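Peer 1: Below are the chains, spelled out letter by letter.
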Amino acid sequence: MSMYNEKVIQAFMNPKNVGAMENPDGVGEVGNPRCGDVMRIYLRVRDDRIEDIRFETFGCAAAIATSSTATEMVKGKTIEEALKLTNREVAEALGGLPPEKIHCSLLAEEGIRAAIEDYRRRRQGLPPLPPRHDAVCHHDIPGMEEGHGE
Amino acid sequence: MRRIYMDHSATTCVDPSVLEKMLPFFSEKYGNPNSVHAWGREVRTAIDEARASVARLLNAEPREILFTGGGSEADNLAIKGVAESFSGKGRHVITSAIEHHAVLDTVKWLGKEGFDVTILPVDSEGRVRVEDFRAAIRPDTILATVMYANNEVGTVQPIRELGEICREKGILFHTDAVQAAGHLPLNVRDLPVDLMTMAAHKMYGPKGVGALYVRKGVRIAPLVHGGGQEFGLRSGTENTAGIVGFGAAAELAARRIANGEIDKERRLRDRLIDGVLSRIEDVLLTGHRTERLPFHASFCIRYIEGEAMLLRLDFAGIGASSGSACTSGSLEPSYVLLAMGLDHATAHGSLRLTLGKDTTEEDIDTILNTLPPIVENLRAMSPFKKNA
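Going down the list, the protein sequences come from chains A and B.
Residue numbers for the first sequence, in our numbering: 1 to 150.
Residue numbers for the second sequence, in our numbering: 1 to 388.
Just so you know, the hints here were simulated from the structure itself, not pulled from any lab data.
Keep in mind the model is a prediction, meaning the values are calculated, not measured.
C-beta: ideal position from N, C-alpha, C; glycine also.
Be careful, since some hints might not be right.
[Stated by the list, open to error] Calculated cross-link-like contacts (lysine-lysine; reagent style DSSO-like; alpha-carbon spacing at most 30 Å):
hint, chain 1, residue 1, chain 2, residue 2
1, B, K216, B, K89
2, B, K385, A, K16
3, B, K207, B, K80
4, B, K385, A, K7
5, B, K112, B, K169
6, B, K108, B, K89
7, B, K169, B, K89
8, A, K16, A, K75
9, A, K84, A, K7
10, B, K80, B, K108
11, A, K75, B, K385
12, A, K16, B, K386
[What the hints assert, rightly or not] Covered stretches of chain B, as calculated for chain A (at least 3 residues, CB under 8 Å):
hint, segment
13, 307-318
14, 344-354
Only chain A is shown next, with the shape it has when bound in the complex:
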């Protein structure tokens, strides 16, 4: 099992913005149940600003901690500002993640982007973005620097 720092443990034990949202303006779902992490992000947007954000995550402690922290980081931000959030910033806000858990922070970044993309599609009258459950696991991608934790 990974060794987590105190910030990660705190975020995991007391996550913020947890749970489903009724009538969201955008929903993004990323990850792969095969790999053991799936993240769903719900957005409520007012005047181009993220008024509320929620997450539901199936995954390890790092996946839950990064979900919580990433949602906190973009809450109240404009869409453009939220799109600038990087996985590195999420990991840094948590005081660093074990190398094999960096992909969890990437999942949080992608989850927020997917929810924003869905929000924009809905605004254009396009059908909602389908969940991306068939995505390859980040840790399956050859050449990723995070290593495999083996």
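On the provided structure of chain A, position chain B as indicated by the hints.
Peer 2: Structure of chain B alone, referenced to chain A:
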């Protein structure tokens, strides 16, 4: 807060009575058991006694027991030792898909060395089908190795039936009994097994010492060459304190089995299993309901992931384990659960709770009160729900 260790399949504590017997062999009884003088002879006597104690646990003869540096080494010695010794007779080896890596990877290694390998599937309860086993045997089969009981799901294999087939077909049969030895009555005079692996640290003995039972008359080749210790099968000056500790642990285990303490453990295990299944929805027991280790409870808890559960339990003072990818440090969840036909998402939610000799009814009740809210809390966070 009382901390409750529920990971006895991983390892056990050294019992105080075992430690007490070991300690002099780090200090005043430091002789080399291979020396002729009094310093050596007193240690040789202690090793002989330990060997007799381990033999008694299996109803074996002392010279059928050889000490190794642990269970993995004993597995390697059994499999490679037979392969080396019998390769002139045939080059086919049979094992199962749910073996411990010490067996599975050793057999796969033989596969790269020019042996033919058959890895048998298991049923949904983790048992090798006897008919599959029989059908896999070929004229050139020299060895079959099937674990006595599985570490992840607790299932006990039909070892007697498999062994009888091996007898009938004239092939050697090895079983990795690391999880079973000291916890189930084993009698090699009555069981058709030729080689059996044990490890002291799973029965309240020290880590770093194991044993291989080799039936009288079975000739295997050594892995470690040198001074010819352990009947020429495991050279190297003996780990005297460890071996003495194993002997003491074997005596303790024999007493526990004779006193019916195993039955007490089994009742507590059933209280735990029944409690988890009745208090939490969408949980499945992994492994066989009755043909399982008396101290072993294992589950898959749907819609949540194992590592998250373990950490929450840890913060509540309960030490458990899981076969999720996040805990194994690999990409895949437990190969054992996948071999039993579980899907990946379910396997990621695995939870193993293994009881020990000091586990109490109150401990079980604490777990039964602690686990459901943790599961509920994590499920509230999960995008997967019942009927979703």
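Peer 1: The structure should be examined with respect to each hint, and the outcome stated for every one.
Peer 2: A quick look at each hint next to the structure:
1. Straight-line distance between C-alpha atoms of K216/B and K89/B comes to about 19 Å, which keeps the hinted pair within the 30 Å bound.
2. For the given pair, K385/B sits about 20 Å from K16/A by alpha-carbon distance, which is consistent with the 30 Å threshold.
3. With a C-alpha separation of about 23 Å, the suggested pairing of K207/B with K80/B holds against the 30 Å cut-off.
4. For the hint pairing K385/B with K7/A, the CA-to-CA distance comes to about 28 Å; that is within 30 Å, so the pair holds.
5. For the given pair, K112/B sits about 25 Å from K169/B by alpha-carbon distance, which is consistent with the 30 Å threshold.
6. Restraint check for K108/B and K89/B: the C-alpha separation of about 19 Å stays at or below 30 Å, so the hint holds.
7. Restraint check for K169/B and K89/B: satisfied, since their Cα atoms lie roughly 13 Å apart, inside the 30 Å limit.
8. The suggested pairing of K16/A with K75/A holds, with an alpha-carbon distance near 11 Å, which does not exceed 30 Å.
9. At most 30 Å may separate the alpha-carbon atoms for a hinted pair to count; K84/A and K7/A meet this at roughly 23 Å.
10. At most 30 Å may separate the alpha-carbon atoms for a hinted pair to count; K80/B and K108/B meet this at roughly 11 Å.
11. A hinted pair counts as satisfied when its Cα atoms are at most 30 Å apart, and K75/A with K385/B qualifies at roughly 26 Å.
12. A threshold of 30 Å between alpha carbons decides the hint, and for K16/A with K386/B the separation of about 23 Å falls inside it, so the pair holds.
13. Here the segment 307-318 of chain B counts 6 residues with a CB under 8 Å from a CB of chain A, which clears the bar of 3, and the coverage holds.
14. Counting residues of the segment 344-354 of chain B whose CB falls under 8 Å from any CB of chain A gives 3; the rule of at least 3 is met.
Comparing the model with each earlier hint shows no violations; every hint is respected.
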